[in-house]
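Same order as they appear, the protein sequences are chains B and R.
Each residue of the first sequence is one higher than the one before, counting from 1 in our numbering.
Each residue of the second sequence is one higher than the one before, counting from 1 in our numbering.
No lab work stands behind these hints, which were simulated from the structure alone.
Check the hints yourself; a few may be wrong.
On the chain R side, residues computed to face chain B include the following (Cβ under 7 Å) [stated by the list, open to error]:
1) M1
2) A6
3) R96
4) T100
5) R112
6) M116
7) T119
8) Y179
9) A253
10) T256
11) Q259
12) R306
13) R309
All residues carry an ideal CB built from backbone N, CA and C; glycine is no exception.
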Amino acid sequence: MGTGGAFDEIWGHGGPESPRPEFQALSRWVAGTAAEELHRRQQSAEAAFRQLGITFAVYGDNDAAERIIPFDIVPRIFLHHEWSRLCEGLMQRVQAINAFLEDIYGERRILAEGLIPPELIYRNDQFRPEVAGIRPPHGIWAHICGIDLVRTGADEFFVLEDNARTPSGVSYMLENREAMLRLCPELFREFRVAPVDSYPDRLLETMRSVAPGNNADPVCVVLTPGHFNSAYYEHSFLADSMGVELVEAADLVVDDDIVWVQTIAGRVRVDVIYRRIDDDYLDPLTFRADSMLGVPGLIAAYRAGNVALINAPGNGIADDKAIYSYMPEIVRFYTGQDAKLPNVETWRCREPQALKYVLDHLPELVVKLVDGSGGYGMLVGPTASRQEIADFRAALIAEPHRYIAQPTLALSTVPTLVEQGLAPRHVDFRPFVLTGSDGVRVVPGGLTRVALREGSLVVNSSQGGGTKDSFVLLEDAPPGQSQSQRQSR
Amino acid sequence: MLSRTAAALYWLGRYVERADFIARLVEATIRLDALSARPAGEAAWQSALAVSYTDDAFAATGRSLTQADVAHFLTLDAANPGSIIRCLERARNNARAVRTALTRDAWTAINRAWLMFQTRANTRSATETLNLVEQVKGETRGFEGSIHRMMRNEATWLIQLGAAVERADNTARLVDVKYHLLLPAGEAVGGVVDRDQWTTILQTVSAVNAYRWLYKEGLQPAKVIDLLISRIELPRSLAACADEAVGILSQLAKRTGLQGEADRMARARLARVQKTRTSDVIVSGLHEHLNAFIRENAMLDAAISRQFRFI
Numbered sequence: 001m002g003t004g005g006a007f008d009e010i011w012g013h014g015g016p017e018s019p020r021p022e023f024q025a026l027s028r029w030v031a032g033t034a035a036e037e038l039h040r041r042q043q044s045a046e047a048a049f050r051q052l053g054i055t056f057a058v059y060g061d062n063d064a065a066e067r068i069i070p071f072d073i074v075p076r077i078f079l080h081h082e083w084s085r086l087c088e089g090l091m092q093r094v095q096a097i098n099a100f101l102e103d104i105y106g107e108r109r110i111l112a113e114g115l116i117p118p119e120l121i122y123r124n125d126q127f128r129p130e131v132a133g134i135r136p137p138h139g140i141w142a143h144i145c146g147i148d149l150v151r152t153g154a155d156e157f158f159v160l161e162d163n164a165r166t167p168s169g170v171s172y173m174l175e176n177r178e179a180m181l182r183l184c185p186e187l188f189r190e191f192r193v194a195p196v197d198s199y200p201d202r203l204l205e206t207m208r209s210v211a212p213g214n215n216a217d218p219v220c221v222v223l224t225p226g227h228f229n230s231a232y233y234e235h236s237f238l239a240d241s242m243g244v245e246l247v248e249a250a251d252l253v254v255d256d257d258i259v260w261v262q263t264i265a266g267r268v269r270v271d272v273i274y275r276r277i278d279d280d281y282l283d284p285l286t287f288r289a290d291s292m293l294g295v296p297g298l299i300a301a302y303r304a305g306n307v308a309l310i311n312a313p314g315n316g317i318a319d320d321k322a323i324y325s326y327m328p329e330i331v332r333f334y335t336g337q338d339a340k341l342p343n344v345e346t347w348r349c350r351e352p353q354a355l356k357y358v359l360d361h362l363p364e365l366v367v368k369l370v371d372g373s374g375g376y377g378m379l380v381g382p383t384a385s386r387q388e389i390a391d392f393r394a395a396l397i398a399e400p401h402r403y404i405a406q407p408t409l410a411l412s413t414v415p416t417l418v419e420q421g422l423a424p425r426h427v428d429f430r431p432f433v434l435t436g437s438d439g440v441r442v443v444p445g446g447l448t449r450v451a452l453r454e455g456s457l458v459v460n461s462s463q464g465g466g467t468k469d470s471f472v473l474l475e476d477a478p479p480g481q482s483q484s485q486r487q488s489r
Numbered sequence: 001m002l003s004r005t006a007a008a009l010y011w012l013g014r015y016v017e018r019a020d021f022i023a024r025l026v027e028a029t030i031r032l033d034a035l036s037a038r039p040a041g042e043a044a045w046q047s048a049l050a051v052s053y054t055d056d057a058f059a060a061t062g063r064s065l066t067q068a069d070v071a072h073f074l075t076l077d078a079a080n081p082g083s084i085i086r087c088l089e090r091a092r093n094n095a096r097a098v099r100t101a102l103t104r105d106a107w108t109a110i111n112r113a114w115l116m117f118q119t120r121a122n123t124r125s126a127t128e129t130l131n132l133v134e135q136v137k138g139e140t141r142g143f144e145g146s147i148h149r150m151m152r153n154e155a156t157w158l159i160q161l162g163a164a165v166e167r168a169d170n171t172a173r174l175v176d177v178k179y180h181l182l183l184p185a186g187e188a189v190g191g192v193v194d195r196d197q198w199t200t201i202l203q204t205v206s207a208v209n210a211y212r213w214l215y216k217e218g219l220q221p222a223k224v225i226d227l228l229i230s231r232i233e234l235p236r237s238l239a240a241c242a243d244e245a246v247g248i249l250s251q252l253a254k255r256t257g258l259q260g261e262a263d264r265m266a267r268a269r270l271a272r273v274q275k276t277r278t279s280d281v282i283v284s285g286l287h288e289h290l291n292a293f294i295r296e297n298a299m300l301d302a303a304i305s306r307q308f309r310f311i
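Based on the provided sequences and hints, a complete structural model is requested.
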């Protein structure tokens, strides 16, 4: 049974002895593999991650400047029909996000119609007046979205957060699969798992599809802040697997509104930049003047339509936590349909009624800074101390507009290898949605993050979370049927 | 290829080669110190520091010229910019900055070498140091092997060019310093200690057996010098390094179309090295000859930076 009665993705509401029917084979595999053997394989995976340098930097932590994210060997699994349904919801949501961005930086119909309070846009730090009026090449803003989902029951998925800026984690999706293929090949004989290794190809197709003009062979690059950045491994991994250059700002120069990269053979014109630098640091002439990471003149080249930036600057307004609560309305406004993937119920503390409710129910709620990320600046009511609750109450009363609150959901769990053997641990999930001028693509998989501490709901890697491979099954096989039986049909 | 990538690859090649060389130097010096009939002691360690350009830095630490102190300084001392650990760290930083230009194997090789040192405690005894040296040599060999399995493109050639330029400098410096290593008072030229010193040189560049195969006679300083300067069969000789630089530069020219001052300098140097007779050099001044070579090598390095627009 899951912790606190939560739904377990493998064991359902039962327990290891009575798994969901589709996962009897997995349970048999787990039961038939000694815990020491599972630990040994897990350690071998982590040793490989360390050697490959699949690491992230922890800011302000000099002792362990580079850490690996703990890897758990028991996969989380999506049945085929679960995934198909999720995909529809994801594509609809990302389509709405793109339409919203196009509108907000263009006509602003949604404001004219009164669906969102205008000050929520204009007073928002994530709104970038600098890019208003710019139409990105092919009208695409959010080329890569990482949509954070949580599950509370067999058929209950909620969107927790839309990441439309520079979502990371896709390298873990791919590396976790590599590790599983090496360490537990027998699992892939048991389950027909959809491959994820086409992600770099799909990403490159997406990038090429948004190149300005009719360039048949556009030059695409990945722009990194450099190898001290916490996600540097991912930046180099993506560039390498796409076969494009990984550049730093110093490699780029803008001349006459055209972006060039400096090579040993001289300058080469750049068409598409997958930038992993935040808006603030992207171009010191437009955003923060003190940025050493940016490329002077980049936004002017973008405005002139000479380069595509992935994702578009200014996207933060779409994944802002204050805007999040309006996503159901946003989806309906731009797609004409109800959202297929619901939001988590959200109180906007800027609204007096909501604030009152939140203050009255703090010990039950999760309160978040609208501009916080990575598990910082949040209160998890049920596990907070009295002092923490009192501090948050004061902060809320002082600046209510900076906060939203949500109920503490009974996040689903997945069996996870801990010291004593297998135990349920809470997870979330981040699939990656790619949008190009030629369509929307979702590679069947994503990043499953797991809270390794018992009962904890915090899955962020910076807060000690781990990751798991995420299997998406290619077909819904009848319970208990094995691969060999299917093939002999 | 990005200019920054080109520079990082070249320096990756240089730093790995330097780490390997320092490891060999420490190993040879321990042997010289331990195996000779009378320990060569301070002079041996002093010369190891001079060969690795770190004699002033070591003097500034105030520590004594003993095996424990100098070996530690040359291997694990993070405060010494010329130590093995620092060379590997710089190599690794360069590799990390250009991971996309390396294969997984090549990156893993250098990352593993660096990780090995992260967990190293102090190395004080000669045995521990020799174990460590052995590991460094193994790791750098692994890296070189992985380079030879990369695509034959400019990335590979630039790493090898860095290694060739570094190797030329190391060999020239080794011969120069060891040649001027003073014999302890009372020791005769051609005596036991003198002979050990020449053997040490050969051990540093793994050429003891090569010497026997090529010269088929007992150890003679003039022949050791001939081997290290002129014999193209020995990969670390000045002639071999000069030849390699020319070859790699022409491969790079074929791939990139970039040809210029560096190619001309490298070809001119090779022609000169091939014409040089070791006996003439010894008569007219080995030290001057080697110093000229070291200067010329530094000029070639600068020309390479310009030609490939390093930033």
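*With chain B as the partner, please determine if Y179 (chain R) meets the hint condition of a C-beta pair closer than 7 Å.*
38 Å, violated
*With a cut-off of 7 Å, does the beta carbon of M116 (chain R) approach a beta carbon of chain B closely enough for the hint to hold?*
Interface hint status for M116 (chain R): violated (11 Å vs cutoff 7 Å).
*asked:* Hint M1 (chain R) vs chain B: min CB-CB distance below 7 Å?
replied: For M1 (chain R), the interface hint holds, since the closest Cβ of chain B sits about 5 Å away, which is under 7 Å.
*Was the hint right that R112 (chain R) lines chain B, CB cutoff 7 Å?*
5 Å, holds
_Quick check on the hint: Q259 (chain R) CB to chain B CB, less than 7 Å?_
12 Å, violated
_Hint validation: R306 (chain R) versus chain B, beta carbon distance must be below 7 Å. Holds or violated?_
11 Å, violated
*Residue hint T100 (chain R), partner chain B, criterion CB-CB below 7 Å*: At 4 Å from the nearest chain B Cβ, T100 (chain R) passes the 7 Å test, so the hint holds.
_Restraint check, 7 Å cut-off on beta carbons, for T119 (chain R) near chain B_ = 11 Å, violated
_Status of the hint placing A253 (chain R) at chain B (closest C-beta pair under 7 Å)_ = 11 Å, violated
*Should the hint that T256 (chain R) touches chain B count as held when the rule is a Cβ pair under 7 Å?*
Hint on T256 (chain R): holds, closest Cβ of chain B at ~6 Å, below 7 Å.
_Minimum beta-carbon distance criterion (7 Å), R96 (chain R) to chain B_ = Result: holds, 5 Å to nearest chain B Cβ.
_Next item in the hint list is R309 (chain R). Is there a CB on chain B closer than 7 Å to its CB?_
For R309 (chain R), the interface hint holds, since the closest Cβ of chain B sits about 6 Å away, which is under 7 Å.
Hints 6, 7, 8, 9, 11, 12, counting from the list given before, are not met by this structure.
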